[in-house]
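Participant: Given only the sequences and the hints, what does the whole structure look like? Please build it.
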Amino acid sequence: MNIPSTQHTLDNGLDVLLHEDHACPIVAVNIWYHVGSKNEQPGRTGFAHLFEHLMFEGSQHHDHGFFQPLQGAGATLNGSTNADRTNYWEVVPAGALELALWMESDRMGYLLPALTDAKFTNQRDVVLNERRQNYENRPYGLAPMALLAALFPAHHPYHWTTIGDIADLQAAKLDEVRAFFRRYYHPANASIALAGDIDPEQALVLVDRYFGEIDPGEPVDPIHVDASMAGDSRIHFEDRVELPRLYLAWHTPAMFADGDADLDLATDLLANGKTSRLYRRLVFDERLATDVSASQNSREMMGYAQITATAAPSHTLAEIEPVILEEIARLAAEGPTDEEIERGRVQAEAQFMFRLQTVGGFGGKSDQLNAYNVFLKDPSYFPRDLARYQVCTKASLQAAVKRFLDPARRVTLSIVPHGRTSLAVRDSTTAAVS
Amino acid sequence: MTLRRSSGQAPHGVSGQTAPVDRAQLPVPGPTRPFPFPAIEKSTLPNGLRVWTVHHTQVPLVAFTLLIRRGAASDPAGKEGLAAVTADMLDEGSGDRSAIEIHEALARLGAQFDTDIGSDATVTSLTVLSRFTRKALDLLSDVVVRPAIRESDFSRVRQLRLHRLTQLRDMPGAVADRAFLRLVYGADPYGHSPIGGETSLAAMDVDDVRGFHARAIRPDVSTLIAVGDCDHAAMVQMASEAFADWSGAAAAEPTGDGALPHAAPINVVPRMRAPQSELRIGQVSVARDTPDYHPLVVANTILGGQFVSRINLNLREGKGLTYGARTAFEFRRRSGPFALQASVQTSGTADAIRESLGEISGIRGSRPVTTAELELGIAALTRGYARSFETGEQIGRAALQLALYDLPDDYFEQFVPRIEQVTAEDVSRVMSQHLDPSRLVTLAVGDLDVIGPSLDALGLGAPVVLSPDAF
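Protein chains in written order, with the working numbering: chain L, 1385 to 1818; chain X, -9 to 461.
Calculated directly from the structure, the hints in this document are not laboratory data.
No false leads were mixed into what you were given.
Residues on chain L that point at chain X, a partial pick, calculated with CB under 10 Å: (1) His1446; (2) Pro1453; (3) Pro1477; (4) Ser1489; (5) Phe1738.
No more than 30 Å apart at the CA atoms, straight line, and that leaves these computed lysine-lysine pairs for DSSO-like: (6) Lys309(X) <-> Lys1503(L); (7) Lys125(X) <-> Lys1778(L); (8) Lys1658(L) <-> Lys125(X); (9) Lys1557(L) <-> Lys309(X).
Now the stretches of chain X that chain L is said to cover, found in silico as 3 or more residues with beta-carbon under 8 Å: (10) 45 to 55; (11) 117 to 125; (12) 289 to 303; (13) 373 to 381.
Don't be surprised by glycine CBs; every beta carbon is placed ideally from N, CA and C.
Facilitator: This is the structure we're talking about:
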């Protein structure tokens, strides 16, 4: 299993990754800028994502919106921002590759002359509505704000969410957008991957033609800020929900670091799906919870694991918390079973195979090439990524659980219905969220 | 930012100088090479189960899709939610195996397993590594043909669904979907969400599930679609073994009595202090077998089916009132709903409704689509059509459309030419024929105290206030 690619770096520093797949007459164009909300400053949060929106509003030589010519060519396209990176992609019919490159290179090289206050104000309103829709007006929607704020101290770049604070978004200025573009949006901080129905040599000539003329820009130094937790940070807030929900969260290793794959597997066997230990106990047998899930959220500087469970009516978070801790302790003491290890291995193989099915979009082959290149400087990492999961053993998984899912160093968040703070687990203090 | 020409030095692997970029005009896309649509090989087993295969060998995976042409519309009156509970019970144990054991068996294959319930169909899908094809098929038949349907599992599954209903009360989108269907369909079989309601879930017992399985989950209304590195004859042989003891005929499809309610033009489900109003604007419109299908698809693309649609450009890119607005005709076996949906900021609710109604009315004829809009809509639908056939699961879902709606084998080949034939006159005609402003129902789930007065001014009459518990 592999995503074979050829790799080049243009004179201006732009990395170019090319992967041939002629099954379907389509080409995926995927660009990563190595900038995310972790590059923001306190008081100026939400900026990277707001900026992403402005990338779809036209550039100097095509100043009537980014979507129209591409949709007219039969493309599908989107972009996204997270803490560590911003990505943009198009999937186009093979004959429209040059159009996609024209459009992407024009906004990489010539965005600012087309940027106006009207566009900026409009997209800030859109982002404020995105925040309302996906966070404020959604049950438990403000959980990430509370969790990240408790996991990472105020100066840490993971303290805030990518969508940002309302006040910060409202205070953002057009000049700051320009400065942000100059600082982060240039070839030396970007990587482009093409996957699909291409001739790699011709594709490289085209990429060089469109992107080669863009000024390299100043390299961006990597950020690294450590964080540690001393105790159990117990917080709660009230929300418009019917059932209380409990979140436990821990600091964990960074993406691709030692222990990352172990924790990915451990959170799966603890609380993902009907075979998981916590589903069986909390939902299936004891019926204390109506749902339970877990994940290892790997990020560039460090990760965090979280386990989430919603109390069934007439049950409490106080009943659920000890069961979760007990199952973690049992896993730490006894390790996984052989059967669990074997299942994890097959599931990893299948999951990686599923990832080879599409050339474009979020998570497609072009996106994966850029992820490996931007985070590891190694676009050929796919088989070794899979190997990380295949080499996990009972002992390595047990050790990771013991070391990282430490009951004495965690965040414990209760979200309870309005007026019912007594439903929060014991000893928790009110968290301010908005 | 200063810009410089690419230096004479070519990147690794490139020889020679590259031509300068002409930024005065956009490159014109070249022709796309013809794409052979997946050929479906078809057989029917003696018990009526149709077995369709598509040879697709990009990745060593097999994607199974099992379509059962009975869904939530077959729920008995008063037992809304029964089809969905039955679908949920399929993977809750089989023969001597418990629910957990079934899922352990799936996990040992690394399988991706899903059950999906719609109004017209129940669909189970199972994707596995090719080497597990036979095991996966056996598991799929265990789940579908021989579910245990035990009392203890039923009570747990029903309980979880009741909890889910409790949680849905806080989700404005779910409240809006449920209320909208009830407003436009009333007691029609399409008038409820698959999950049903508290009362109807409480009214059912495990025998209802067994009964529903006996009269709906039957081979004569089912199609097994396998996409992957599979030989048709071998797959038919395997399926005939795996599904050998499946028999019987399904009860007839529900027809509805044709009487639809006349809901008020504007309705509100109050949600105090909500920062946004969740909007639905629509009506019962048209069935999948309409001869106007292709013009309606083009018309909807222009009105609200793409980023550069009239609705989204107006509400999002023009006014910044929403993160996104869209419209859709949900084509079903009988007349399905047309709906616009958007979450809009509370202060802009009345404005968004007025603009939306204006756009719907405009495309019916007062503001006919322009040549540029028509060309863009047609191009968006046709030029990228091949990408809908990239993965095994996509191909399986495409084939499922043929089986669910009785579409001809050449449907995919015909799609592009038929879309290309659509004219601006067709768009006006089908939109005025299938959308009727006097029957459009507007629903907002939002902060009534704040939006109420502005809604009165829309000229749609006083909003009817609906209780959040009414659905």
